[in-house]
Amino acid sequence: MIAEIALPYPFDLAFMQRALIACIAVGAFAPTIGVFLVQKRLSLIGDGIGHVAFAGVGAGLLAAWAPLWTALAFAVGGSLGIEWFRARRRTSGDVALAILFYSGIALGVVLISAGDGLSSNVLTYLFGGPLTVSGSEVWAIVLLGLGIVLAVFALRRAMFSVVTDEEWSRVAGLPVGLLNALLAVLTAVAVVAAMQIVGILLVAAMMVLPVACAQMIARSFSGALAISVVIGVGASVAGLALSRVFPGGLATGGTIVLVTAGVFVVVAVASRALAGARSAPGADV
Amino acid sequence: MASTAPSVPPVSGDGDARQELLAARGLTFAYGREPVLEHVDLEVRAGEFVALVGPNGSGKSTLLRLLLGSLEPDGGEARLFGHPPGAVRRRGRLGYVPQRPSLSSELPATVREIVSAGRLTDGRWWMPVSRADRRQVEHAIASVGLADLTASPVNELSGGQQQRAFIARAFASEPSLLVLDEPIAGVDAASQRLFRDSLVHLIRDHGAGVLLVSHELSAVADDVDRVIVLKRTVLFDGEPAALAARGVGSLGVHAEDLPIWLEQLS
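Chains A and B are the protein sequences, given in the same order.
Numbered by the working numbering, the letters in the first sequence go through residues 4 to 288 in order.
Numbered by the working numbering, the letters in the second sequence go through residues 8 to 273 in order.
No false leads were slipped in.
Computed Cβ-Cβ distance ranges for the label pairs, DEER-style:
hint : chain 1 : residue 1 : chain 2 : residue 2 : range
1    : A       : Gly279    : B       : Arg253    : 58 to 68 angstroms
2    : B       : Pro135    : A       : Ala17     : 35 to 45 angstroms
3    : B       : Ser77     : A       : Leu83     : 22 to 32 angstroms
4    : A       : Leu47     : B       : Ala248    : 50 to 60 angstroms
5    : B       : Gln106    : A       : Val112    : 41 to 51 angstroms
6    : B       : Asp155    : A       : Arg275    : 25 to 35 angstroms
7    : A       : Arg281    : B       : Gln106    : 31 to 41 angstroms
8    : B       : Ala197    : A       : Arg281    : 26 to 36 angstroms
No lab work stands behind these hints: they were computed from the structure.
Don't be surprised by glycine CBs; every beta carbon is placed ideally from N, CA and C.
With the sequences and hints as input, model every part of the structure.
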């Protein structure tokens with residue numbers, strides 16, 4: 004249960020305050036994982052795992068269990084499966100991702116059609132709906148996010164080593180397979196924890212876009228991590244507010260991702276202009 | 008330079024200064040039908056500085072990958088710290104400098120962050136950073152002459168400076184065995200001297216074994232204990248003086264040509 008507290012408009016109502024807490028959590032933990040995925044050139048893995056999570060949502064709705072937990076089980080299983088394929092090079096990375104994408108979404112559609120069929124509840128998982136999350140769902144999102152952040156904090160140096168130089172890490176004796184599997188599981192947890200906020204189809208954006216912005220600004224890996232979290236949280240809160248204050252309202256998940264994309268464009272243009280000014284004749288070096 | 012050389016504890020607790028660290032016995036490997044290595048024998052012992060030379064395509068990098076467990080041999084065996092390389096994880100500290108480390112040009116990682124990874128070896132990957140870790144990282148960075156660039160992003164450094172950062176990463180692990188694959192390509196002469204001093208310090212003062220694969224041996228020509236000349240198989244394995252006695256010139260200038268000269272002499 005989350006008590007309503009006095010906050011100014013647009014966060015004055017209880018449902019907005021629940022959404023605010025959830026958005027802050029997603030804005031923080033999604034780029035925390037994303038910073039490793041981007042370095043590993045697996046920016047789209049979150050999308051693939053999201054599709055498998057959709058099968059879990061379908062299974063949960065069919066069995067009348069909480070979809071969050073069935074989605075988590077499917078996503079963790081799918082992420083470990085794709086990591087197994089990737090590590091053994093049984094198939095190329097993009098083919099493995101394609102198998103995951105289409106099998107997951109197809110299974111989800113079949114399972115949902117076997118039950119009550121597509122409903123607004125399903126659309127919430129696909130496109131996000133932070134305004135509809137309950138107090139217990141907010142707690143689940145916050146706790147899952149906290150688990151991700153703590154795990155990454157504890158293992159950040161080893162995960163940094165593996166994603167930047169896997170061959171060296173293997174020779175140096177790091178448990179590369181275990182660390183890759185852990186990263187896959189943490190990605191699955193992040194996807195499922197964020198799916199009710201930005202939606203399965205948009206969840207990868209919150210893992211990648213803040214990191215893409217941060218890479219243009221930061222001068223260290225830890226700096227990139229911190230900046231991407233600041234951008235993720237800022238864009239999530241701004242997108243949530245904008246979706247409510249806009250006349251007639253906007254889809255919150257999509258608005259959050261568009262705000263993040265807007266930040267990316269601004270940072271890209273500004274950093275390019277700054278680089279141009281630095282290299283201009285007569286500029287101080 | 009001793010003040011900036013990495014500090015390393017003695018290599019072996021049993022007092023055996025000549026412990027076998029790395030060995031190949033009849034190692035054979037082919038990519039498809041193309042033989043790359045045939046019946047290669049070699050060893051590196053504690054306190055030894057061994058140079059491995061050979062022309063492009065002689066199988067040097069493949070040999071290293073077999074010795075370090077990245078590839079499985081078709082025949083023979085590789086031994087790392089006395090065990091199959093795939094099984095070795097905590098029996099000895101291995102420092103490794105790959106030929107072309109993979110690093111994204113977009114990666115905003117500092118020299119300190121890259122070198123800190125060297126402290127994760129020997130089963131310490133899950134441990135928090137200690138004061139000793141920080142001290143050893145700063146020491147390793149200084150030993151390759153990058154102290155002024157510790158906080159600089161690696162992707163803004165020159166190729167030679169990047170290579171020195173990767174050498175520092177290997178030094179930071181306080182290695183009992185150091186394997187370097189073309190580590191000083193593109194590194195300037197002053198930095199090569201620093202590099203040489205650090206290697207000699209590791210070997211003479213701490214009993215580490217070093218296997219150096221390089222075309223360019225001039226910086227270390229006076230310090231090498233043994234030269235192994237490879238061209239699909241081992242053409243020569245002995246002291247530099249024995250190589251000179253066979254009419255082969257300076258190690259420093261023509262390392263790449265050694266196999267050709269040896270074949271002509273034989």
